[in-house]
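Visitor: Top line first, the protein sequences correspond to chains A and B.
FYI, in full-length UniProt numbering the residues of the first sequence are 1 to 468.
FYI, in full-length UniProt numbering the residues of the second sequence are 1 to 468.
Just so you know, the hints here were simulated from the structure itself, not pulled from any lab data.
From a predicted model like this one, the values you see are computed outputs, not experimental measurements.
Quick reminder that beta carbons are idealized off the backbone N, C-alpha and C, glycines included.
Watch out, some of these pointers could steer you wrong.
As the list claims (entries may be wrong) - One side only, chain B facing chain A, incomplete, derived with CB under 10 Å: (1) V69; (2) M137; (3) Y288; (4) A347; (5) V452.
What the hints assert, rightly or not - Residues from chain B that face chain A, not an exhaustive set, calculated with beta carbons under 10 Å: (6) A12; (7) Y49; (8) K461; (9) V462.
Protein chains: 2
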Amino acid sequence: MTEPLVVIGGDAAGMSAASKTKRDDPDREVIVFEKGEWVSYGACGLPYYVKGDIESLEDLVSVPAESFVEERGIDLRTNHEVTSIDTEARTVTVAGPDGEFEQSYGDLLVATGARAVEPPFEGMGLDGVFTLHDMEMAASVRRALGLDAPGSRQEGDGPRGDASADGAPESVAIVGGGYIGIEMAEAFREHDLDVHVFEMLPHTLQPFGAEAAATVEEHLVEQGVDLHLDTAVDGFVGDERVEAVAVGDEEVPVDLVLVGVGVRPNVELAEAAGIETGPTGAIATDQYGRTNVDHVYAAGDVAEATNAVTGEPDHVPLALTANRAGRAIGATLGGEPTPVGEIVGTAVVKAFDLEVARAGLVDEAEAREAGFDPVSITIEAESRAHYYPGGSSIQVTMLGDRGTGRLLGASMVGREGVAKRIDTVATALHTELSVERVSMLDLSYAPPFSPVWDPVLTAAKVLAGKLE
Amino acid sequence: MTEPLVVIGGDAAGMSAASKTKRDDPDREVIVFEKGEWVSYGACGLPYYVKGDIESLEDLVSVPAESFVEERGIDLRTNHEVTSIDTEARTVTVAGPDGEFEQSYGDLLVATGARAVEPPFEGMGLDGVFTLHDMEMAASVRRALGLDAPGSRQEGDGPRGDASADGAPESVAIVGGGYIGIEMAEAFREHDLDVHVFEMLPHTLQPFGAEAAATVEEHLVEQGVDLHLDTAVDGFVGDERVEAVAVGDEEVPVDLVLVGVGVRPNVELAEAAGIETGPTGAIATDQYGRTNVDHVYAAGDVAEATNAVTGEPDHVPLALTANRAGRAIGATLGGEPTPVGEIVGTAVVKAFDLEVARAGLVDEAEAREAGFDPVSITIEAESRAHYYPGGSSIQVTMLGDRGTGRLLGASMVGREGVAKRIDTVATALHTELSVERVSMLDLSYAPPFSPVWDPVLTAAKVLAGKLE
């Protein structure tokens with residue numbers, strides 16, 4: 001009999017692979033080891049849980065753990081941590097509630113995800129300093145705000161949780177102006193906190209490019225956010241609880257700190273077993289999600305994916321990539337070799353009243369590094385017909401390659417119609433369309449939804465003119 | 001010296017071509033003859049003018065007539081009707097306010113547009129019976145509703161205008177359940193009229209397919225529209241004013257009638273001059289917008305375009321196609337041969353609170369006629385992450401070709417996020433992507449804007465499974 005598929009990590013990639021394998025090959029034994037309590041949850045919803053838009057942590061769960069077990073026949077074991085992999089013997093060592101044991105595998109999927117980077121700041125261990133890397137940490141942040149934390153499976157607070165002996169906090173420092181930082185700024189403003197955002201680079205939202213970021217930053221200030229760009233944080237000051245952020249000679253007094261300076265793939269377990277990482281530091285995989293070791297796959301936030309624009313390995317830890325790769329690996333294991341698919345770095349974030357989106361290469365320097373000769377333009381266009389009420393402006397930055405005329409990428413920012421407009425760009429990038437061809441796409445028009453020339457078409461038209 | 005470019009028709013295609021020609025070749029003389037009063041206006045906005053969302057007809061004008069003359073150097077002559085074309089002598093005969101004259105041309109663009117079909121119903125000539133084919137007719141409809149008609153350049157009413165001697169009308173029959181019919185239903189409901197929609201086919205919105213239409217129809221009924229499907233109108237009853245719609249043995253009493261049963265290209269002038277029409281009845285053109293006659297181009301609602309899905313000539317009279325073709329012909333005349341571009345039949349319409357969109361082939365019978373072996377699916381997906389508040393359902397119908405696996409088209413309907421989601425499908429159609437590849441596109445995801453698997457991806461995934 002075939003040895004089981006063993007999956008390490010019970011979130012998007014892991015549970016997608018487990019489910020698809022069981023669906024396509026119901027006789028295959030599938031065991032998932034998840035070191036935490038929660039499986040298959042939407043971590044992207046955590047800022048909205050803190051904000052109060054989402055009632056309970058339970059709402060973020062896509063598929064309840066029982067369903068995986070009872071309906072899909074998956075042997076799902078939460079609170080089980082895989083501590084080592086022996087790729088020769090094809091076994092993993094597992095630490096569970098009842099002690100340590102070995103489990104053999106026929107195939108192994110490493111889906112250990114990523115974790116929030118914890119920079120070596122002084123004072124990272126103070127009470128009131130948080131990252132936002134999992135469900136219970138989001139619950140702790142709510143408790144720290146003096147709010148209830150519905151759905152939390154832990155009593156009381158996390159290690160740094162307790163905040164409110166001195167009453168509800170009035171101010172918060174967010175360290176890092178990325179997605180999480182911006183989304184959490186919105187959440188904290190909702191609870192009327194004074195919000196400071198510290199970003200060491202000249203702009204927030206680095207992957208979205210300077211043009212989109214500048215527009216977002218104006219909006220953040222309008223929303224009452226105290227923005228500290230080009231500002232490196234040195235550490236946090238306080239006795240037991242955080243009291244201030246140290247920045248050079250200055251101290252900015254705050255009641256809470258949220259550190260969101262990026263994520264790092266959890267590769268240590270795999271690396272210790274001889275599974276290779278790629279240039280990005282995440283696990284290197286081929287088009288079927290296979291690692292360098294026979295019968296070992298990797299998917300999700302721990303793994304690289306191929307960027308269709310550059311043709312190079314890339315690490316963009318996002319939910320769709322994880323789900324897609326997990327499902328493809330499941331199909332492959334079920335008997336039908338299925339590529340995990342390429343990415344083009346598509347992303348969108350809500351920044352208060354703005355939608356900010358990107359795909360491909362949006363920064364000239366980055367495009368040059370990837371071997372292109374980039375030309376870029378930034379335009380403003382309307383979201384609706386000029387005469388139709390309620391429209392607003394959409395800013396589009398678009399890059400093309402001078403040599404080939406190829407579309408390289410775009411960013412967009414506006415109050416409406418941005419999130420899904422970027423998908424036109426993403427689709428064009430997957431098929432390596434020229435900017436000229438993009439400018440001639442037959443895109444939808446009706447007065448309530450678009451000008452006759454969609455902003456994407458207008459941007460492509462202007463860029464094509466510059467590429468001639 | 002080169003003879004002038006003469007353009008017949010001063011709307012989207014004509015003015016785009018005139019403007020682009022002058023921009024790229026400022027020394028070229030460009031003369032535009034427009035038989036009406038208005039040039040370069042957004043006819044798509046007329047239903048919203050009647051509804052009251054748009055204040056004045058003037059707001060619908062994209063570029064004021066003076067700007068074409070003064071800033072762009074175009075010799076624009078309104079109230080000038082071209083009555084014949086002599087393609088041998090390269091002249092047109094023009095009837096203007098000061099009499100008839102001949103004008104020679106070096107190149108000629110036929111951009112005579114389309115007109116509302118006036119079916120041979122008894123009673124079409126009664127007062128209170130309207131089509132909605134131009135600016136002044138929209139003004140007449142407003143007057144017929146007892147409303148002011150800001151921006152109208154005609155005194156009083158059109159030939160069938162006067163309605164309100166007996167007070168404001170209380171009911172209206174819309175004959176034809178196409179775009180205009182649905183948009184006008186919304187406009188009339190806004191003014192609290194009882195609205196009857198008569199459609200002779202089993203469904204409204206024929207180009208959007210039965211699945212989308214059925215969902216729209218439920219919504220129309222919720223909005224208080226009295227829907228008469230599969231119901232052929234026989235004519236209109238009344239003495240001078242319309243009093244009822246005759247349907248078989250029945251008469252449905254109404255105060256007003258709006259006939260919107262489609263448009264027909266204004267090809268008569270061209271045909272009389274030996275300019276050939278194609279299989280759709282519109283003027284046949286090549287990829288540069290050239291007709292069968294040397295130095296004669298056609299563009300806009302009067303001309304065919306090539307459908308990228310079928311590879312065949314098609315007639316989808318929409319604003320973007322007209323603008324694009326006009327601009328391309330201008331560029332070609334300016335010295336740079338530029339294709340007018342292909343269409344994929346992308347369209348979107350607002351139906352009260354719904355967005356309804358389509359691209360490609362959305363009907364199995366139509367796809368079979370075009371030589372494909374269609375397989376279709378219809379799914380429901382969410383517009384946002386399942387846990388994010390405010391989301392709603394999006395229904396996607398998608399067609400693929402069994403033989404090649406190629407995507408053939410899709411329709412979508414929902415309360416949000418539909419209008420621009422169809423552009424992903426449109427872009428994929430332009431590049432002849434397989435359904436499988438569509439299912440692997442890297443589309444944007446964030447909880448407020450989409451589920452992890454965008455509805456387009458989910459539809460493609462399900463359809464790909466059925467195509468295997």
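Visitor: Compare the structure with each hint and give your call.
Guide: How the hints compare with the structure:
With a cut of 10 Å, the hint placing V69/B at the interface with chain A is violated, because the nearest CB-to-CB distance is about 21 Å. Checking M137/B against chain A by beta carbon gives a least distance of about 18 Å; that is not within 10 Å, so the hint is violated. Contact between Y288/B and chain A, as hinted, is not supported at the beta carbon level, the nearest pair being about 13 Å apart and thus beyond 10 Å. Using the Cβ-Cβ criterion of 10 Å, the hint placing A347/B at the interface with chain A is satisfied: the shortest such distance is roughly 7 Å.
For V452/B, the suggested interface contact is upheld, since its CB lies about 5 Å from the closest CB of chain A, less than 10 Å. The interface hint given for A12/B is met, as the beta carbon of that residue sits about 7 Å from the closest beta carbon of chain A, less than 10 Å. The restraint placing Y49/B at the interface with chain A holds, with a minimum CB-CB distance near 9 Å, inside the 10 Å limit. A cut of 10 Å between beta carbons decides the hint on K461/B: the least distance to chain A is about 9 Å, and the hint holds.
Against a cut-off of 10 Å between C-beta atoms, the interface hint on V462/B is violated, since the closest Cβ of chain A lies about 13 Å away.
Violated hints for the displayed structure, listed by number in ascending order: 1, 2, 3 and 9.
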